[in-house]
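**Q** For this one, chain X is given, so just place chain W on it according to the hints.
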Amino acid sequence: AQTVTQSQPEMSVQEAETVTLSCTYDTSESNYYLFWYKQPPSRQMILVIRQEAYKQQNATENRFSVNFQKAAKSFSLKISDSQLGDTAMYFCAFMKLHYTGANSKLTFGKGITLSVRP
Amino acid sequence: DTGVSQDPRHKITKRGQNVTFRCDPISEHNRLYWYRQTLGQGPEFLTYFQNEAQLEKSRLLSDRFSAERPKGSFSTLEIQRTEQGDSAMYLCASSLYLWREGWDEQYFGPGTRLTVT
Chain X
1 AQTVTQSQPE MSVQEAETVT LSCTYDTSES NYYLFWYKQP PSRQMILVIR
51 QEAYKQQNAT ENRFSVNFQK AAKSFSLKIS DSQLGDTAMY FCAFMKLHYT
101 GANSKLTFGK GITLSVRP
Chain W
1 DTGVSQDPRH KITKRGQNVT FRCDPISEHN RLYWYRQTLG QGPEFLTYFQ
51 NEAQLEKSRL LSDRFSAERP KGSFSTLEIQ RTEQGDSAMY LCASSLYLWR
101 EGWDEQYFGP GTRLTVT
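Which chain is which? The protein sequence lines are X and W, in order.
According to our numbering, the stretch in the first sequence is residues 1 to 118, in order.
According to our numbering, the stretch in the second sequence is residues 1 to 117, in order.
Since the hints were derived computationally from the structure, they do not count as laboratory data.
It is possible that part of the hints are untrue.
[Claimed, not checked] Here are the in silico distance ranges between beta carbons for each label pair:
no., chain 1, residue 1, chain 2, residue 2, range
1, X, P41, W, I26, 19 to 25 Å
2, X, E10, W, P8, 28 to 34 Å
3, X, S42, W, N18, 23 to 29 Å
[To be verified] With a cut-off of at most 25 Å between alpha-carbon atoms, the simulated PhoX-like pairs for lysine-lysine come out as follows:
no., chain 1, residue 1, chain 2, residue 2
4, X, K96, X, K70
5, X, K110, W, K57
6, W, K11, W, K57
7, W, K11, X, K110
8, X, K96, X, K73
9, X, K96, X, K110
10, X, K78, X, K96
11, W, K57, X, K96
12, X, K70, X, K110
Remember, predicted model here, so these are calculated numbers, not experimental data.
The C-beta atom is built at its ideal place from N, Cα and C for all residues, glycine as well.
Pulled out of the complex, with its shape left as it was, chain X reads as follows:
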């Protein structure tokens, strides 16, 4: 079974600055995806960024980038030029790759509450 650990419950950052959210995971699988999801207050969860485990290059999406360390089983999210709209709960999640049609459920960490200060 997979586990995802987010040990920082809360973080705060000044608008326009950079913040890094940490995540570690444990799995015996070799083929998987890692994700960061954003859940704004009272709004639905949206996908921020994903990383394929077989790719060494770190994923980037505009102001969001990841630092994927496969051997260390670490997957952190960096948010550059933080904006007020980035205030949300952020979840790290794991998905095993299945080419057999099996369950592709997500396993989530506990989440981290990020507050961006004006």
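**A** Same frame as chain X, now just chain W:
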């Protein structure tokens, strides 16, 4: 709006009552998932459907819970004889799973917040 919708958004019920939630997925998505999120925790998988077939249920899903997805479209999640421990946010997600891809991007609905008094 063509996203995932859930109804109701909030439900308050008394212990022992039955409740039913509905999820309407994105059109043509073949997979539908139910997750439960309690305060201070990340969502936990409950069950999922591939079209109309329910293929897996978590151990979290006691026999008081039942889910359906008739005709592979919308889904319902029913909880019988609710308990205070059932209080949580119930999230639905849908996806288009393609075997050649091996994974699917899940789109989440806004959730139904259940409070059992």
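**Q** For every hint, state whether the structure bears it out.
**A** Taking the hints in turn, this is what the structure says about them:
1. As the Cβ distance of X:P41 to W:I26 is approximately 23 Å, the hint placing it in 19 to 25 Å holds.
2. Take X:E10 and W:P8: their Cβ atoms lie about 30 Å apart, and the range 28 to 34 Å holds.
3. Checking the proposed 23 to 29 Å range against X:S42 and W:N18 shows it holds: the Cβ atoms sit about 26 Å from each other.
4. Note on X:K96 and X:K70: the hinted pairing holds, with a Cα-Cα distance of about 14 Å set against a maximum of 25 Å.
5. The hinted pair formed by X:K110 and W:K57 meets the criterion: a straight-line CA distance of about 21 Å does not exceed 25 Å.
6. With a C-alpha separation of about 23 Å, the suggested pairing of W:K11 with W:K57 holds against the 25 Å cut-off.
7. A distance of roughly 24 Å separates the Cα atoms of W:K11 and X:K110; the hinted pair therefore holds under the 25 Å criterion.
8. For the hint linking X:K96 to X:K73, the alpha-carbon distance of about 14 Å falls within 25 Å, and the restraint holds.
9. Simply put, X:K96 and X:K110 have alpha-carbon atoms about 19 Å apart, close enough for the 25 Å limit, and the pair holds.
10. Proximity of X:K78 to X:K96 is assessed by CA-CA distance (about 23 Å); at most 25 Å being required, the pair is judged to hold.
11. Restraint check for W:K57 and X:K96: satisfied, since their Cα atoms lie roughly 17 Å apart, inside the 25 Å limit.
12. Between X:K70 and X:K110 the CA atoms are separated by roughly 21 Å; this keeps the pair inside 25 Å, and the hint holds.
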